[in-house]
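Enquirer: Sequence:
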Amino acid sequence: GPADELAEVGIRTLVDSPEVGKNLQDHLVAGLAPAAIAGTLYGAERPSELLRYLATRRGMLTSNVAEAYGFVRTDVASRAGMPEGLPDIEIIFAAAPYVGEGLVPLPGEGITVGAILLRPRSRGSIRLASSDPHTHPLIDPAYLSDPEGTDAATLHAGLEVCERLIATSALGAVTTGSWVQPEGGERMTSAERIELSMRRYSHTLYHPVGTARMGTDAASVVDPKLRVRGVSGLRVADASVMPTIIRGHTHAPAIVIGEIAADLLRRENPVRTSRVP
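Every number in the numbering used here is 53 more than the matching position in the sequence shown, counting from 1.
Worth flagging that the hints you see were computed from the coordinates, not collected in a lab.
Wrong hints could be hidden among the right ones.
[What the hints assert, rightly or not] With a straight-line cut-off of 20 Å between C-alpha atoms, the simulated SDA-like cross-links for lysine to any residue are:
id	residue 1	residue 2
1	K75	S183
2	K75	A88
3	K278	R320
4	K75	S198
5	K278	Y259
6	K75	A56
7	K75	S175
8	K278	I308
9	K278	D316
10	K75	V227
11	K75	L181
12	K75	D316
Kindly generate the complete structure, drawing on both the sequences and the hints.
Expert: Given below as structure tokens:
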């Protein structure tokens, strides 16, 4: 890792690799959650729903919560020089009010329409807090920190799309006019709800990548065969090797990276087989 950061926590440097822990990128999501009439996943934990699932494998407990997705291109994309035809926002819909990253009890019936920043320009970092491996590292995602303000402008534009969707007759038929998040949103303007969603309620979509960047240049952490530069016999095979984040979810690409790593190892270390009489 970076020699200066290792020295700060009393760890002897074996290989000075300054980019380890740098280049952190993540998909930031900000959601709007209007209150809804009965029938959302707020009732999914009722005993009747559990019995329905156990008996028929149907009902609310079969939901993946995030029921629909869509990719859009905002006006910011063209102004920022993004190639034509590529999206910069993903819209995500949940049949429940997704608040507190799902770690708090649902406050009531509601739905969520959120915007995901697909190609952030901001770059964060992760570094050691101490030499104790049980101590949590210091993670700074540095969301919305790019000097040009493109990330904030893009997410704002994405939330404007969410507001327009919530205002449609289809969603108007299942919402009440009140808001779960931001609380009291019915007394705010659309712009106020958007700003509050961005600055107070936005959070990770759990897609961190980039902190062990793969590349052909000497500064990259791993080479195109996933080998850590300067270290013999060590590879990295997860989403951290992605040089830049993709315009989509990272689960499938992470599996692909693992499959490629397995193929590389098998080619370099072929297993001999023999038949037993």
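Enquirer: Honestly, which of those hints from before does the structure not fit?
Expert: 2, 5, 10 and 12
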